[in-house]
Amino acid sequence: AQSVTQLDSQVPVFEEAPVELRCNYSSSVSVYLFWYVQYPNQGLQLLLKYLSGSTLVKGINGFEAEFNKSQTSFHLRKPSVHISDTAEYFCAVRAAGTALIFGKGTTLSVSS
Amino acid sequence: SAVISQKPSRDICQRGTSLTIQCQVDSQVTMMFWYRQQPGQSLTLIATANQGSEATYESGFVIDKFPISRPNLTFSTLTVSNMSPEDSSIYLCSVGGQLSYEQYFGPGTRLTVT
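If you read the sequences in order, they're chains A and B.
Residues in the first sequence are numbered consecutively from 170, following the numbering used here.
Residues in the second sequence are numbered consecutively from 2, following the numbering used here.
What the hints contain is simulated information worked out from the structure, not anything from laboratory work.
Using N, Cα and C, we set each Cβ at its ideal position, and we do this for glycine too.
A few of these clues could be false.
Unchecked claim - Just so you have them, the derived chain B footprint on chain A, three or more residues with Cβ under 8 Å:
# : stretch
1 : 209-221
2 : 269-278
To be verified - Far from chain B by the CB rule (all over 12 Å, computed), these chain A residues:
# : residue
3 : Tyr194
4 : Asn237
5 : Gly266
Input sequences plus hints: build the corresponding full structure.
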């Protein structure tokens, strides 16, 4: 079985500051890794995914994530955040033939 | 990609009653999943429903409370039985391939139990 741990439940930052949202996973088999964003009262939106190959993956809205197999981590980063990035962020993992398993989420709050 | 529709989009129900949520996909899919997102929480997998076999429920979810049907490769239903206010959530249908990484989500059904 797979599991996901998002290490920070809330991350407050100021506008234009860098941010990192941390995610660790556990699995006995190879998995695909994902980050989703959910704006208030909206559905899930896929930010980026890691399937294989380069460990640094770029997504939408200037976000990127780095897959670290030895540390079983998939941290999300953005060099300069905007007010509009305020949302809930979910890390998720999926093994072939199984369902996506989500972490508990990180609330990113960007203030001016 | 797969386009998923759910009915109803939202409902307000009284405690003790049951609600059946329908999920329709525009193409044949092997795997269908049902998730719950309680207010302010993450998505929790309820069960996996593959056509031709009994649904597989995750820990904490039982068939008597959340019976699922999967009559064909494009349709599934989830029933929330004997509802209580704690069942107030968004219920999401999702589909994925057996061998692919892709998983798609429906728009969700927002359920409020009073």
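Take the stretch 209-221 of chain A, compare each residue's beta carbon with every beta carbon of chain B, and decide whether three or more fall closer than 8 Å. holds (count 4)
The output says Tyr194 of chain A does not contact chain B. Does that hold with a beta carbon cutoff of 12 Å? About 14 Å separates Tyr194 of chain A from the closest Cβ of chain B, which puts it past 12 Å; holds.
Assertion that Gly266 of chain A lies outside the chain B interface [Cβ separation over 12 Å]: 5 Å, violated
Counting residues of the stretch 269-278 of chain A with a beta carbon closer than 8 Å to any beta carbon of chain B, are there 3 or more? holds (count 6)
Is the claim that Asn237 of chain A lies outside the interface with chain B correct, judged by CB distances over 12 Å? Answer for Asn237 of chain A: holds, closest chain B Cβ roughly 19 Å.
Violated hints amount to a single one, hint 5; each of the other numbered hints is respected by the structure.
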